[in-house]
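Asker: Okay, here's what each chain looks like letter by letter:
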Amino acid sequence: MKEPIVGFLAVARNAGISVSTAESLDAFAALDLIGYGDRETVKDSLRLVIAKTDEERERFEACFEQYFGSLGLAPDSSSDAADSSLRDEDANDAAVRQTTAGSSLAGMLLADDRASLVRNLHAAAAAVSVSDIRLFTQTNLFARRVLEELGIAALDEAIARLRASGDPAQARVAEFLDSRRQAVRELARDIVEKRLALSADQRGRMRDEFLRDARLFNVDRRDIERMRVLVRAMARRLATRYARIRKRARRGHLDVRHTMRKNVAFDGVPFRTSWKRRKIEKPRLVVLCDVSGSVAPLAQFLLLFVHSLTEALSDVHSFAFSNTMIDVTATLERATLDDSIVAIMQEIGFRSSDYGRALGEFEQNWLRLIDRKTTVLILGDARSNYSEARVDVVQKLFERAKRVVWLNPENRVAWGMDDSEMLHYLPYCHVATVCNRLRHLESIVNDVLATP
Amino acid sequence: MSTAAAIAPASIEAVIEGLAESGYISNRQSATAIYLAHHLRKPVLVEGPAGVGKTELAKATAAYLRLPLIRMQCYDGLDESKALYEWKYGKQLLYTQILKDKLGEGLRGAANLKEALHQLDGIEDVFFSERFLEARPLLQALRQPAGAVLLIDEVDKADQEFEAFLLELLSDYQVTIPELGPIAATVAPIAILTSNNTRDLGDALKRRCLHLHIDYPDAKLEERIIDVRVPGIEERLRTQLVGFVQKVRTLELRKLPSVSETIDWARALVLLHVDELDAQVVRETLNVLLKYEADVEAATRQTPAMLSDVRWNGRPN
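Protein sequences, first through last, are from chains A and B. If you want our numbering, it's the position in the first sequence, counting the first as 1, plus 315. If you want our numbering, it's the position in the second sequence, counting the first as 1, plus 33.
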């Protein structure tokens with residue numbers, strides 16, 4: 316019974332649930348304890364052991380249903396209803412037994428022994444190395460090989476013998492076996508198709524690597540989901556790395572002066588110790604994110620990234636702008652990712668951008684957020700449709716903030732061409748860099764967080 | 034309590050029953066978690082919204098297994114000296130003062146400084162022995178002769194350092210005290226960690242735990258909970274009340290009502306001799322259920338619609 320579970324864990328891994336070796340062992344230990352009898356209990360136990368977040372729980376549900384749904388672990392009522400009117404006395408008929416003796420498959424079907432059937436199916440699948448499957452056109456070929464390995468030929472012979480005997484009981488059994496034979500074929504096909512999906516997922520890893528380097532502007536629609544997973548993972552990684560930095564700064568030494576002073580009452584015996592604590596400077600981050608039409612394809616990734624950052628860091632203020640600027644901190648904190656992105660894009664997305672006005676509004680309403688501990692992160696292409704650029708606002712940010720980082724999705728050569736105001740803003744940015752790949756985003760933000 | 038031998042749950046059904054006897058109506062998932070935790074000796078990390086009975090689960094488990102419950106509340110700044118052990122500095126100091134003469138006598142025989150130091154080393158070990166060790170919850174849990182249920186409440190409130198420190202404890206059920214060496218549990222405690230998800234816990238900690246997510250119960254389960262926790266409530270009121278709360282949970286509120294608030298509300302209504310929900314009763318008592326002014330307002334607006342639904346459904350056939 317271990318084989319299907321191993322398979323399931325592999326599928327779960329590919330679906331993005333992180334299942335460590337230790338967790339696999341735990342899963343087996345739990346199942347050894349609980350047994351494989353009850354589907355819901357098995358599901359509960361596996362969920363307890365391997366699914367760690369809401370997201371993973373959701374994926375787990377989908378995976379579990381997909382993987383165990385039709386493998387026959389669950390009693391499938393559909394096939395039972397019509398054709399399984401097999402009577403016990405028929406199955407146990409001595410003559411029938413003798414005729415079907417050559418086929419172990421027939422024996423399993425007659426005894427309705429699903430567990431053995433599934434086990435044998437998996438064994439057969441392993442024997443013909445179904446996991447080598449690469450193309451969907453190979454499905455039929457592999458399914459046939461599995462059936463051959465399973466002993467479908469012997470079953471066919473047995474059915475033929477039963478039909479030839481002319482005995483009504485044996486004929487009934489033959490009918491029954493024939494209908495079940497169809498079900499077995501479907502099971503075999505199913506296994507092959509699942510393995511195909513699995514190997515396709517393994518290729519997905521390579522795609523992840525590719526996506527990291529892909530330009531954010533032309534990510535395929537089908538890859539967007541995958542991309543989101545990557546962005547979230549990245550934000551989480553940054554957050555943990557950042558947490559570690561904070562921790563290092565926290566470790567103290569004995570504060571001798573303070574200790575002595577505190578212990579004057581005890582004759583200077585260091586009775587209560589006090590420790591030096593370095594002040595932890597939390598980076599305050601103010602993010603201004605352009606969501607106008609020109610960067611719309613990128614905007615959702617930027618928002619996604621800002622959302623993930625908001626989850627990871629405690630002091631992030633985020634703003635979105637096109638021709639006007641709005642505070643989206645609360646939206647991003649409260650709503651789920653998709654809802655908040657939709658809400659923001661509906662409110663101000665896809666308009667033509669007006670950097671001057673947006674920056675002017677920022678100066679008016681929110682400039683007080685900027686102090687010398689703040690890092691300002693501006694994500695945008697600086698294309699202002701020939702309106703006034705308000706360079707003075709960026710200058711003010713530059714003077715007040717610790718750092719101004721401008722991430723521009725356009726290549727450096729395009730900066731300053733046509734309506735791009737980038738070159739005017741450039742002198743007032745501590746860092747200004749091209750950012751249109753995930754890798755860029757990660758390394759830049761890493762730098763921002765790491766600087767003390 | 035500890036005279037009766039600790040119970041080993043025989044099956045998941047037994048756990049459900051046992052918890053019910055302790056006044057905790059659990060779903061199958063929670064019972065499975067407890068069952069596995071007991072047999073695999075793995076800690077359980079319980080997550081879910083506030084007030085769905087995460088802490089209660091630990092208490093009921095302790096009562097059911099007849100083990101002492103040792104509770105440790107986590108907070109920002111919690112450290113080893115408060116969680117694990119501390120030396121009784123005061124006592125150490127006092128004893129050294131009292132035993133000054135004795136110490137002097139002991140050292141008098143020493144021929145030179147080196148020898149005196151050598152003798153002093155032996156004495157110091159006396160002062161850093163179990164006698165002067167103040168056991169805090171984690172150490173207490175390890176030293177329980179029959180095992181214990183260790184409740185580490187709101188682990189997400191503690192810092193990451195503390196989380197890292199928990200790792201040794203939760204994987205090997207042993208801790209290391211520099212002066213005494215590793216101390217292993219006599220019987221591994223059943224550790225139950227709760228988290229409200231105010232921050233993401235580290236992967237290392239997550240990997241070591243079983244993950245139980247307790248969500249708001251469905252109507253059926255909630256009715257059973259009310260039935261147990263608020264004896265003497267009329268069936269009709271119970272159905273209506275639970276139906277109403279379930280509806281409130283579908284609204285967009287700042288803080289959704291939890292099970293404990295449903296129980297409070299039910300108690301309040303029983304106390305007021307209410308036998309059927311109507312708009313006035315709801316308006317007057319809604320502040321038991323909802324804790325924010327804005328939420329109360331939002332719910333009040335929706336009350337008539339929700340109420341008519343609930344009363345319709347609550348009617349027998």
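Watch out, some of these pointers could steer you wrong.
[Unchecked claim] Now the stretches of chain B that chain A is said to cover, found in silico as 3 or more residues with beta-carbon under 8 Å:
1. 59–70
2. 145–151
3. 171–178
[As the list claims (entries may be wrong)] Dumping the calculated PhoX-like pairs for lysine-lysine here, alpha-carbon to alpha-carbon at most 20 Å:
4. B:121 to A:577
5. A:358 to A:509
6. B:190 to B:115
7. A:577 to A:591
8. B:115 to B:133
9. A:577 to B:190
Rather than coming from a laboratory, the hints here were simulated on the basis of the structure. We put the CB at the ideal spot given by N, CA and C, even for glycine.
Asker: Each hint needs a verdict: does it hold in this structure or not?
Answerer: Here is how each hint holds up against the structure:
| no. | hint | result |
| --- | --- | --- |
| 1 | 59–70 | holds (count 6) |
| 2 | 145–151 | violated (count 0) |
| 3 | 171–178 | violated (count 0) |
| 4 | B:121 to A:577 | 18 Å, holds |
| 5 | A:358 to A:509 | 19 Å, holds |
| 6 | B:190 to B:115 | 15 Å, holds |
| 7 | A:577 to A:591 | 14 Å, holds |
| 8 | B:115 to B:133 | 30 Å, violated |
| 9 | A:577 to B:190 | 29 Å, violated |
Checked against the numbered hints listed earlier, the structure breaks hints 2, 3, 8 and 9; every other hint is satisfied.
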